[in-house]
Each structure stands twice: as structure tokens, then as C-alpha cells.
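Chains as they are written, first to last, in numbering that gives the first Met the number 0: chain F, 0 to 477; chain C, 0 to 150.
Think of the hints as simulated: they come from the structure by calculation, not from any bench. Just to be clear, a hint being listed does not mean it is correct.
Here are some, though not all, of the chain C residues that point toward chain F, as calculated from beta-carbon distances under 7 Å [as the list claims (entries may be wrong)]: (1) Leu16; (2) Lys65; (3) Pro67; (4) Ser94; (5) Ser95; (6) Val117; (7) Phe119; (8) Glu121; (9) Lys127; (10) Asn128.
Backbone N, C-alpha and C fix where the C-beta goes; we use that ideal spot for every residue, glycine too.
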Amino acid sequence: MRVPRTTIRRKLVTAMMLTSTTVLLLVGAVFVAHDVVSFRRFIVQTLVTRADILAANSTAALAFRNPEDASQVLDALKTDPRMIAAALYDQQGLLFATYPLSVSPGVVPSASGPIGHRFEKSDLVVSRPVVEDGRRLGTLYLKSDLQELDNRLRVGAVVVLLAVFGSIAVAFALSTWLQRRIAQPILALAGVAKSVSERKDFSVRSKAAGDDEVGVLAGAFDEMLSEIQQRDREIRLLNADLERRVVARTAELEAANKELEAFSYSVSHDLRAPLRHIDGFVDLLAKHAAPSLDEKGRRQLATISAAARRMGALIDDLLVFSRMGRSEMSKTSVDLSALAKEVVQDLRGDAKDRCVEWKLGQLPTVQGDPSMLRLVLTNLLSNALKYSGPKKEARIEVGANSQNGELIISVRDNGVGFDPAYSHKLFGVFQRLHGMNEFEGTGIGLANVRRIVSRHGGRTWAEGAINEGATFYFSLPK
Amino acid sequence: MLKRILLAEDNENDVELTLTALVENNLANEVVVVRDGAEAWDFLRREGTFTGRNGGNPAVVLLDLKMPKVDGLELLRRMRQDVRFRTVPVVVLTSSREESDIIQSYQLGVNAFVVKPVAFKEFVGAVKNLGLFWAVLNEPPPDRLQSPSPV
Numbered sequence: 000m001r002v003p004r005t006t007i008r009r010k011l012v013t014a015m016m017l018t019s020t021t022v023l024l025l026v027g028a029v030f031v032a033h034d035v036v037s038f039r040r041f042i043v044q045t046l047v048t049r050a051d052i053l054a055a056n057s058t059a060a061l062a063f064r065n066p067e068d069a070s071q072v073l074d075a076l077k078t079d080p081r082m083i084a085a086a087l088y089d090q091q092g093l094l095f096a097t098y099p100l101s102v103s104p105g106v107v108p109s110a111s112g113p114i115g116h117r118f119e120k121s122d123l124v125v126s127r128p129v130v131e132d133g134r135r136l137g138t139l140y141l142k143s144d145l146q147e148l149d150n151r152l153r154v155g156a157v158v159v160l161l162a163v164f165g166s167i168a169v170a171f172a173l174s175t176w177l178q179r180r181i182a183q184p185i186l187a188l189a190g191v192a193k194s195v196s197e198r199k200d201f202s203v204r205s206k207a208a209g210d211d212e213v214g215v216l217a218g219a220f221d222e223m224l225s226e227i228q229q230r231d232r233e234i235r236l237l238n239a240d241l242e243r244r245v246v247a248r249t250a251e252l253e254a255a256n257k258e259l260e261a262f263s264y265s266v267s268h269d270l271r272a273p274l275r276h277i278d279g280f281v282d283l284l285a286k287h288a289a290p291s292l293d294e295k296g297r298r299q300l301a302t303i304s305a306a307a308r309r310m311g312a313l314i315d316d317l318l319v320f321s322r323m324g325r326s327e328m329s330k331t332s333v334d335l336s337a338l339a340k341e342v343v344q345d346l347r348g349d350a351k352d353r354c355v356e357w358k359l360g361q362l363p364t365v366q367g368d369p370s371m372l373r374l375v376l377t378n379l380l381s382n383a384l385k386y387s388g389p390k391k392e393a394r395i396e397v398g399a400n401s402q403n404g405e406l407i408i409s410v411r412d413n414g415v416g417f418d419p420a421y422s423h424k425l426f427g428v429f430q431r432l433h434g435m436n437e438f439e440g441t442g443i444g445l446a447n448v449r450r451i452v453s454r455h456g457g458r459t460w461a462e463g464a465i466n467e468g469a470t471f472y473f474s475l476p477k
Numbered sequence: 000m001l002k003r004i005l006l007a008e009d010n011e012n013d014v015e016l017t018l019t020a021l022v023e024n025n026l027a028n029e030v031v032v033v034r035d036g037a038e039a040w041d042f043l044r045r046e047g048t049f050t051g052r053n054g055g056n057p058a059v060v061l062l063d064l065k066m067p068k069v070d071g072l073e074l075l076r077r078m079r080q081d082v083r084f085r086t087v088p089v090v091v092l093t094s095s096r097e098e099s100d101i102i103q104s105y106q107l108g109v110n111a112f113v114v115k116p117v118a119f120k121e122f123v124g125a126v127k128n129l130g131l132f133w134a135v136l137n138e139p140p141p142d143r144l145q146s147p148s149p150v
């Protein structure tokens, strides 16, 4: 099972922490912004009120054009360290008095400006009218620094940050605790799943209680495990049963095979003996009673003799065929080209007085039983030779090609061929498409070919037409 | 000079045919016929009905495999385990072409294995060849080699 890169614990904690921190930061920012706005409004109000009071106190000095009095009134500002400067202007807007007494140029405007307030770089500036009985006597100018606002902002930020950090700590503790409650059943489930997949042990159960979705999942998982365990048990039982049956069937087969061997032994030994006796005593009789027998009698004795010999040949062939199916097969490299040459060499002796053209193509080297494969080639080539007997010039070709992962070997002759309607009968035991008086043989050769080829994992088939020759094929796996 | 042949064969017909084949080839004047392995064993050891018989070991034993009481393979085994008969040539002459019989016979030390042909003419030919080879051409081991040296 793949080990997760981030655990569900960490994911849960991260999610909760991210959420709470974001919320806190947003709330803190809004709080600080609101505080700054209302505090600015408050200090503006305070400065305006102070300016109005000073303006009221300055009316007499302006009315009597007494700058000393005015300076004295303004001097009261020194009790407040936030006050940077102040100025009093007369009716014409000309500078009348200043605070402090000697002020560096540029700190206060040389002429009165419009009534109102404005924030400069780090200062707050207020201009108020000096009015007595509805008559405008002049203008008061006040300049205060914003130290207080800065302090306020700094304190606010620190408080918010502290609150955020404190909250993060609390949130971490809370989310860890919560996470444990949520993740525990999931982790238990994951542990069970892991042990199931690693040890293939279907007997474990998650036993994770809970009425939430995880509980449902765990329940379903446990149920699934029970089901698998049940099926596992059933499969095991079935397997054991199957094995028992295979053993029993094998024993049966072995018994049947033994019986078959005993049968073929008995056929081999006991069935041939009476045939030998028939032929032997017919021969003796023929010699003994020759003078008293007429032509008919001699022919009948010859028929008995021939029948016995033929039955002997049939029994022998049947035994070879049965042995082909039972005997153990060796598996070595067999050079079919060399094998075919040897077989042709052997057959040439049987066809000395015939005109036969042999064409041996390049044949592959295959894996198989050499003596069995020799029998295949011998049967196919001797058939080709036999059934091309009536032709003046017989032509027999052996070739091979490769097709669909199989090696296909063909033996073609220009002999009497066969009726393709009966081609399915060719490879049967004792099946013959020609009469005994046309071609001799018992009809076991092609059955042997089919049995051997199929034991090698191949197929056999034939093509042909009457009087147009025949081609026999067999395939062998590569 | 013809040497003695021991023919172990339980089937009357086979005995008659084999003897006929031997007669046809003038090989029959020194043939002893026994009907099973036990009798053959008695003959070899000069026991039972053969107590006090003349002559030494046969030049060759023609042995059928399927016989009552003691079969051919068992007789062969006994002969090859007995120092007196270990070197006596034995030819299995049987109807069976079973591979297991052939293998076992050779493992037990048979000298030749001949399957009786169904056709009588071939059978006669086979018996003739056997008789000529083992009873005329072949020089059997001398008797003193077969019996333990007298004390």
C-alpha cells in the first residue's frame, strides 16, 4: 500500500489553522481600520474645539489690536506638547500673533487660509474664524502633530498581532484535539486496510464506532471484509474439494491406463498366438493334403492363411498405435531435413524399378521426439510413394513454411489423390479410401501421424482431388 | 555336431509348430521340451523328473515368456542369479512385442529376443536361423566354467 505523503492529521490541522488565521487577520484589519478612522475624527474634533476656545479668547486682543494679549492667549498652548505651532490673523488676513513667539518661516502660512481642517504629512492643520457678535475679526490657525495617531496605530497593530498569535495557539490546540477526534477512526480504518493489503489477512476488523460518515464507511468496510473472508473460505473449500477430485480422477485414470496396458499386453501376447497357429497348421495341412486337394481347396487354404496374416498385421498396427499414445515422449532438437533425407534413402530401396522424382525443400529443426517424427515422415512419404505408384513419372515434394507462429510441413505427390468429400476420414484408425486390391495397407499410418503430431501440439490436414495428387500437411508449434 | 536345445513352451500348438520348423531344417534331434518354467528349472538342476539325466547344460534355452507356475522372466532371473547357469545362452521366443518385456528381458541378461512372426513361413525361417546359430554355429561356454570347480 502507498504511504500517503501528507497525513490526514496534518491536512485537518492545516485547514483549521488556515481558516481561523485568515478570519482573525480579516477581523483585526477591519477593527484597526475602523479605530483609525474614528480616532482621526476624534482628534480633529478635539483640535477644532480647542481652536474655537482659543478664538473666543482672542476676540478682545484682535478687537483692540493688542498683539501682546494675543501672544499671551496663544502661549497657553505650551501645556500641550502635541501643539507644533499656532497663528492668529487679523480681519485682512495678515499675521497678527504666533505660537511660539518666534516661529521659523514656513511653519505657519503668512496669510490666513480657508476655514476647515486637513491632514498634512505628519500634521493636522485647523483654521477657525474668530467671531464676535456675528462680526468676523480674524482667523485662528492651529498645527498639531499626529504622534498620538501613530501611537494608537502601533498599539492597535500590536494588540491585533498578539490577538492573532494567541488565537493561533488556541486554534492549534483546539484543532489538534478536534482533529484527533475526527481523524482517529479514519486512521484506524486506514491501518486495517493496510494490514489487509499487506498481510492478506481478512480476519481483521476496524471496529470503528461512530454515527458519522466515517462510522458508516468503517461498517461497510467490516462488512466487506466479512464477505471476502466468507468467499475466501468457500474458495478454499472448493479448491480442496477440487484437489481431492483431481487426485481421485488421476487414480482412476492411472487404473484405466494400467488396465489398458494389461489389455494391450494381452492382445499382443494372446491374440497373436492363435493366428500363428492357424497360419502354421494351414501351411502344414497344405503340404500334407496337397495331393488330395483340388485348385479350389488350395485357394481356400490360401485365403485362410492370408486372413490370419492380415489379422496379425492389424493387431500389430493397433499395438503400435496404442503405444504411440502411451509411450513417453522425449524432446530434443530434430533436424527434419536430415530426417527426411534418411527416410527417402530408405524408401528408394522399395522403388528401385520406378521413376520417382524426389524434391526435398529446406525443412526446419524442431523440438520433438526423433523416433516419432521419423515415423510421421516415413508414413507420409511412403503413402506418397504408394499412391503415386500408377503414375509413370511420380513426383514427390517435401516443403515447409512458417505461418501464424506455426511451422507447416507439406508432403505433395502427383498420385491418385482422393475424393475431398472424404478427407475427414483420412486420419481415422483403419480408415481407407481405396480398396485392398488397389493399394495394400491397414489404414493405421495416418492415424499414427495424427496422434504423434497432436502429441507434439500440432495439427494435421490434407488437400487433394481424385487423380490430381494429394498434399498432406502437419504443423508444429515454434 | 548338434548341441542340445531346451525348449520351454506351454502351448501344444506352438511346441508342434516349433518342432516342425526344427525338423524341416534337420535341427530337431537334440531338443528337450518342458511345459513351464518350474519344469525347466528342474531340468537345469537335474531335479524332479530329471534327476540323474545325462549331459550338461543345453547349448541354448528357447524361452516362452507367458507360462504357468514359473514364467519366462522368473526363470531367466533364477538362471542369471545361479552361478551354474549364469552363462547359458537364453533366447526369448514369444508372441509379445511389448517394450516392457523386451527391456526387462535384456535387463535380466537375455542373449536374444525374438518375436514369433504370425506367418508360418517367416516363423520357420526364424526358427531355422535360431537353431543354426545357437545349436550349430555358436560355441557354448564349456561346462566347467558353468559349474563351481570341484573341491
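Hints versus structure:
no.: 1; hint: Leu16; result: 4 Å, holds
no.: 2; hint: Lys65; result: 6 Å, holds
no.: 3; hint: Pro67; result: 14 Å, violated
no.: 4; hint: Ser94; result: 4 Å, holds
no.: 5; hint: Ser95; result: 4 Å, holds
no.: 6; hint: Val117; result: 3 Å, holds
no.: 7; hint: Phe119; result: 4 Å, holds
no.: 8; hint: Glu121; result: 9 Å, violated
no.: 9; hint: Lys127; result: 14 Å, violated
no.: 10; hint: Asn128; result: 17 Å, violated
Hint compliance for this structure: hints 3, 8, 9, 10 are not met, and every other hint is.
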